[in-house]
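Trainee: Sequence:
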Amino acid sequence: KEAILERVLSEAEYRQVIIFTATRDDTERLTAKLNEKKLKAVALSGNLNQTQRNTIMSQFERAVFKILVTTD
1 KEAILERVLS EAEYRQVIIF TATRDDTERL TAKLNEKKLK AVALSGNLNQ
51 TQRNTIMSQF ERAVFKILVT TD
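The sequence shown stops at residue 72 when you use the working numbering, and every number in between is there.
Read the hints as simulated data drawn from the structure, not as lab findings.
Among the hints, erroneous ones may be present.
[As the list claims (entries may be wrong)] Here are the computed distance ranges between Cβ atoms for each label pair:
| # | residue 1 | residue 2 | range |
| --- | --- | --- | --- |
| 1 | 3 | 54 | 31 to 39 Å |
| 2 | 50 | 10 | 31 to 39 Å |
| 3 | 6 | 49 | 27 to 35 Å |
[As the list claims (entries may be wrong)] Derived DSS-like pairs: lysine-lysine, alpha-carbon spacing no greater than 30 Å straight-line:
| # | residue 1 | residue 2 |
| --- | --- | --- |
| 4 | 38 | 66 |
| 5 | 33 | 66 |
| 6 | 1 | 38 |
| 7 | 66 | 1 |
| 8 | 37 | 1 |
| 9 | 66 | 40 |
| 10 | 1 | 40 |
Beta carbons are placed, not taken as given, at the ideal position from N, Cα and C, and that holds for glycine.
Build the full structure now, drawing on both the sequences and the hints.
Mentor: Quick look at the structure:
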């Protein structure tokens, strides 16, 4: 699944994407993998405090990051 996702994100044109994962570990791992591929991704999960979550959402809204990976 991840290989297909990486290929789609590398080849498709998009403004922004939200990817939902099952666990926080999946969120962190996938975000790291996407960033290794130079796909500007940021992780959002419940282990962050409210200020951190607000900062991430603000950055995503301003397109600092094109991909938001979060738990569902």
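Trainee: Give a verdict on every hint.
Mentor: Do the hints match the structure? See the list:
1. Between residue 3 and residue 54 the beta carbon distance is about 33 Å. The supplied range of 31 to 39 Å therefore holds.
2. About 33 Å separates the C-beta atoms of residue 50 and residue 10, a value consistent with the hinted range of 31 to 39 Å.
3. Between residue 6 and residue 49 the beta carbons are some 30 Å apart, a value that agrees with the proposed interval 27 to 35 Å.
4. For the hint pairing residue 38 with residue 66, the CA-to-CA distance comes to about 11 Å; that is within 30 Å, so the pair holds.
5. Of the pairs offered as hints, the one joining residue 33 and residue 66 holds, with about 14 Å between alpha carbons and a cut-off of 30 Å not exceeded.
6. Distance restraint check for residue 1 and residue 38: the Cα-Cα separation of roughly 19 Å lies within the 30 Å cut-off, and the hinted pair is therefore satisfied.
7. A distance of roughly 20 Å separates the Cα atoms of residue 66 and residue 1; the hinted pair therefore holds under the 30 Å criterion.
8. The hinted pair formed by residue 37 and residue 1 meets the criterion: a straight-line CA distance of about 16 Å does not exceed 30 Å.
9. Distance restraint check for residue 66 and residue 40: the Cα-Cα separation of roughly 6 Å lies within the 30 Å cut-off, and the hinted pair is therefore satisfied.
10. Note on residue 1 and residue 40: the hinted pairing holds, with a Cα-Cα distance of about 19 Å set against a maximum of 30 Å.
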